[in-house]
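J.: Since each chain comes alone in its own frame, lean on the hints to assemble the complex.
Sequence order for the protein chains is A and B.
Going by numbering that gives the first Met the number 0, 123 is the number at position 124 of the first sequence; the sequence numbering is gapless.
Going by numbering that gives the first Met the number 0, 154 is the number at position 155 of the second sequence; the sequence numbering is gapless.
Hints are computed from structural coordinates only; laboratory data are not their basis.
Be aware that a few hints might be false.
Stated by the list, open to error - Straight-line Cα separation of at most 30 Å, DSSO-like style, residue types lysine-lysine; simulated pairs: (1) K339/A x K79/B; (2) K245/B x K228/B; (3) K57/B x K339/A; (4) K139/B x K339/A.
Chain by chain, the residues run as shown.
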Amino acid sequence: MTDVSSAVPTTDSPDTPPAQVQVVAAPARGLRALEIDLRLFGMVVALAAILIGFGIVTEGRFIQPVNIVNLAVQSVSVAIIATGMTMIIISRNIDLSVGSLVGVVGMTMAVLMTRTLPNLIGFDHPAMWIISLAIALALGGLMGGLQGSVIAYLGVPSFIVTLGGLLIFRGVTWAITRGVTISPVDPTFRLLGGGPRGSIGGTASWVVGGTFCLAIVGLLTSGRRQRRRFGFPVRPMWAEVLVGTVGCALVLSVVWVFNSYLWPEGLVRQYAEANDIVVPEEGLRIEAGVPWPVLVLIAVTIGMNFIATRRRFGRYVFAIGGNPEAAELGGINTRWTIMKNYILIGMLCGLSASIAAARLDGATLDLGQGYELYVIAASVVGGTSLAGGIGTIPGAVLGAFVMSALSYGLSFIGLQSPIQDIVAGTVLVIAVGLDTYNRRRAR
Amino acid sequence: MTDRIPLVEMRNIRVAFGGVQAVDDVSIDLYAGEVMGVVGGNGAGKSTLMKALSGAHKADSGEILIDGKPVTIATPRDAKPLGIETIYQTLALAENIDAPSNVFLGRELMTSWGTLDDSAMEDATRKVMKRLNPNFAGFKQPVQSLSGGQRQAVAIARAIHFNARVLIMDEPTAALGPAETTQVRDLIRQLKSEGIGIFLVSHDIHDVFDLADRISVMYHGKIVGTVNKNEVTTDQVLGMIILGKKPTEMTQTELAQLHG
Chain A
0 MTDVSSAVPT TDSPDTPPAQ VQVVAAPARG LRALEIDLRL FGMVVALAAI
50 LIGFGIVTEG RFIQPVNIVN LAVQSVSVAI IATGMTMIII SRNIDLSVGS
100 LVGVVGMTMA VLMTRTLPNL IGFDHPAMWI ISLAIALALG GLMGGLQGSV
150 IAYLGVPSFI VTLGGLLIFR GVTWAITRGV TISPVDPTFR LLGGGPRGSI
200 GGTASWVVGG TFCLAIVGLL TSGRRQRRRF GFPVRPMWAE VLVGTVGCAL
250 VLSVVWVFNS YLWPEGLVRQ YAEANDIVVP EEGLRIEAGV PWPVLVLIAV
300 TIGMNFIATR RRFGRYVFAI GGNPEAAELG GINTRWTIMK NYILIGMLCG
350 LSASIAAARL DGATLDLGQG YELYVIAASV VGGTSLAGGI GTIPGAVLGA
400 FVMSALSYGL SFIGLQSPIQ DIVAGTVLVI AVGLDTYNRR RAR
Chain B
0 MTDRIPLVEM RNIRVAFGGV QAVDDVSIDL YAGEVMGVVG GNGAGKSTLM
50 KALSGAHKAD SGEILIDGKP VTIATPRDAK PLGIETIYQT LALAENIDAP
100 SNVFLGRELM TSWGTLDDSA MEDATRKVMK RLNPNFAGFK QPVQSLSGGQ
150 RQAVAIARAI HFNARVLIMD EPTAALGPAE TTQVRDLIRQ LKSEGIGIFL
200 VSHDIHDVFD LADRISVMYH GKIVGTVNKN EVTTDQVLGM IILGKKPTEM
250 TQTELAQLHG
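Just chain B, same shape as in the assembly (with noise of 0.2 Å):
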């Protein structure tokens, strides 16, 4: 793996909000067909990092690099011509509109004379459903009358339909029942074996478990550690997320406190 180029590569990244540092010199970085969990506790810098790559907060400093060439992402404007989509854990949906318009969102199709395409926007939408959500229903009403899985659904066919290279998954499982959540689990790995770079951001570290080629740990705005999933045990990757030690760090009583 270290010979190849890496899809996306973040270096010494910060973020303040005003006095905190939320992310701060934190590098990461992710090959093409690999999924690299990021975990850690609440506020320990995770969303912010994403929010980096997606554009929708832009970093003090550092750099990212695309296919090895560095990159400016400001505004998710950025983001999108380089193939990198997010799905939020809000979904960032806008609840008025129908499922099409908000799959299409800030990308429509058009007409030849200018005007919006609806009925082309339904069409690639009920074919992007047919592989998300086949029970999907509901193509001509507001978002907001559809259930938790189909509004997902709706987030995940907005992130994929343009052919993303690089996706953040913000704990695209949180609000999702275990049907709902076992469907999003096998289309993380699909995607995945279509050559898609995924980063996975969960409270879940099982979900991570499943799922994750690599992870990495925040802690307080920094990089703990990032390991291969089968050289670590979920204990270890806990202890990380706890105590904010590497686990050749940490003493065996420690590591028993974690249980207690």
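Chain A on its own, in the form it takes in the complex (with noise of 0.2 Å):
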């Protein structure tokens, strides 16, 4: 990195306060010119070293895909809700009902699939799990406002209003069925929980990456050529360059992660005998490729991003967390924009509850038990500040997976559930210990 960025004349735009010019470091300064958020990139670098520090300890085998492919997975619903929680607690307002949400949901939708709509529609009907997924969403959305509305305009902190929202709805699900688990829920419905069958195949999987790679090439160029047009300062060429090289290589590398695993062999025989297929002596390679739940956290993490930076109200529950008072100065209807944020969360639990259901192929009591803390965690590791106003979605679900790295690795190596507690516990005071410092010296 050093050579590269001494090999540049000065990347010192006029916007860059002078005070932090004189101390930072030539390493630093090539990053400032590639204008990358260096706390993501800290958690890239984070999230990789756990990978790494459990693949070395397990003699490589926490780094075989089947592991990064489960791993990934079960990230899902956790990092699904961490991206709506940065915008509440952005926002100053915090959500612990998400858990119980997710549990009614799910719980909702399993006996909707299992018991209500056959009946109406008939078992396997093609519309069965989009019907379910809309229910799923409008259900999170309906309780979410109810919540964010006695937030909103009764002035009733959030933090008691979504505790009551935790005992309720958990006491909902329970109420559902009298705490009966739902099992199973519709065929289509369940590739939503990924799996090999709910994948979406290799050929698939290498479209997705390219056409991923071909929308980062066309998102930097159009940004250069909108700042050109207004004659701001643009990065150097190389940075332009070096971006777009390593995020392509990052996408296609993830891809390559997900297509190295395989149909286990019992499958492919099966699906080999149900399609009349001869499978040749050295056995059929089918590769999985992305995991639908995958896909959607993906599209999930745009999305967001997309409302969090790109539309109105992103701005302005930014400008809330900032200085509510001037937020509502300013001519921001505040009341309003708390409240589609609860909505906005409650549909990402509906989705969330969508995929934890089709994962588990149906709902138990305790579906979502405790999301709550995992979410809130994943945001705040992600570099969200509870005392609002700052924090990133890719961060969030960066957070997400880096939590959930560690818990899967130390399960993976045999530690019990309360050693892992332990050290999620301690890795989660350490990571926000470490930022508040990093913050503090950066005013």
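T.: So, in structure tokens, the structure goes:
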């Protein structure tokens, strides 16, 4: 990094405060030219370190594709809600009800798919999955909006309202079936849960990866053209190329990992028999590719990041978190913004519940239990400030991956779950402590 | 002046906080191209009166007329379309977002795709800043990392960029150094010459005497009197602020005590 940055004459834009320029060392200046969020970059490094660390400890078994794929799918439910929680925390609120909301929505859907809908439209109806998903989103949004209206319009603190929600929704979950586990869900719906069948396949995965690479190049180009149009400083060409190359390489290597995960032999044999395919001597090689839930998470991350950074609503959420009074005086309808924020996280809970129920192939009484803590931890580890006003969507998703990589890795090397909790708790406090220290020093 | 319709007319405004009558039956008017100084001690009701006009705090009773037509101002969202802009003493900036986002807060420029047009907003902000504070730098960083003068410039830019007709400035120079104070004073004169009506709320009697055409003095929630600057002395206005009496009602001994 050092030699690259010293080859460039100067990258200090007039926007850079002079006080900081003096103390920045050459490598850091190179990073600044790249205009990469240093905190996000740090989290990617931390995640890589965790994966490699467990890989070394387990002599490579941990970083086999099957584990990475499992880890990714396992993180999805928490990561999806963490994107919404980040927006909630940025606006100086909190939502403790997410886990219970997942429970109540998941249970409702399972009942819908096993009892209600079959009577109405018949078993194995092709539209069953989409009707259920739509109901899940609507129900989640409704419950979120209910809490949001009490918070925004009646002024009851969000901590209390959603603490009430946590208890109420868990109680309702029990009441729906008196605690009975409901299974199975619709077969198409089950694809949302991942697994070899719930993945899009090798070829489709390469297509998705290729599309993303094109999108990265397109975004970099249009962003540069946009800044040129107004005559603003742009980053040096080498930085653009480096960002683009690294981005595409990252996307393609992720696809490669997912494609390295092959269908297990038993499933291949079943599939071959069902489709009258003769399995050759060396076995049939079917690449699983990107699991559907991971694809959903990617879409949610992009969508939520778009809402947070490119839409008015996102700007207002940040403004409210920075200074609620100023936001109101600036003419923002702060109450409606807060309410929308809770509708949004409610819908994300509905989506998360769908994926969790699909993965479980049903719903149990404790579906989503404890999610609130993992979600808040993911968001905060991902750089969201509990004081409000600061946070990023990709950070929250990375935070969810870091937390689940830790717990997955620890259970992989055979540590019991209480020990995992001790480690997770310690990491949470250390991560936030370091972040607070860095932020104070940056002042 | 009396023949023209006032730009702003506030009639019999009352605002109470609990049992305290913060603004008690106050009437005040403002003409285009005029600077009206609003002065008074702490708790006299100056800021509350102005908040009733900016929509930050709804008046309990009374009328507000713009160009002679009655209007309802219940929230800041009502005031802005009427061309009423406010620079608050606290600046009311969202500290965590950058200058262009603050300038356009609540009135963002959008692309035809329905997304925030940050480049256009940055461009417009750069243009406003050329006029307000040519040394301004830091368009891309949170405003909390800017200096006091730069933050003030952001707050002013937000008020004047949208073709304000009425500008409320609450202690605009209270937190500024001498150079920046001069800058703000020059700006007020310039805006006045452009025909904007300005309410200048201030503790600083010299500021007010320097800039205002008329001065309204408030005392315990009421208007003591409104005077033409050219017809009074600073001592007389000071007497109105401290004693709550019109110059004609003050005795020589009372005036003498002011200096004691």
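J.: A separate judgement is required for each hint: does it hold in the structure or not?
T.: Okay, the hints, checked on the actual structure:
no. : hint            : verdict
1   : K339/A x K79/B  : holds (24 Å)
2   : K245/B x K228/B : holds (14 Å)
3   : K57/B x K339/A  : holds (25 Å)
4   : K139/B x K339/A : holds (28 Å)
Hint compliance for this structure: every hint is met.
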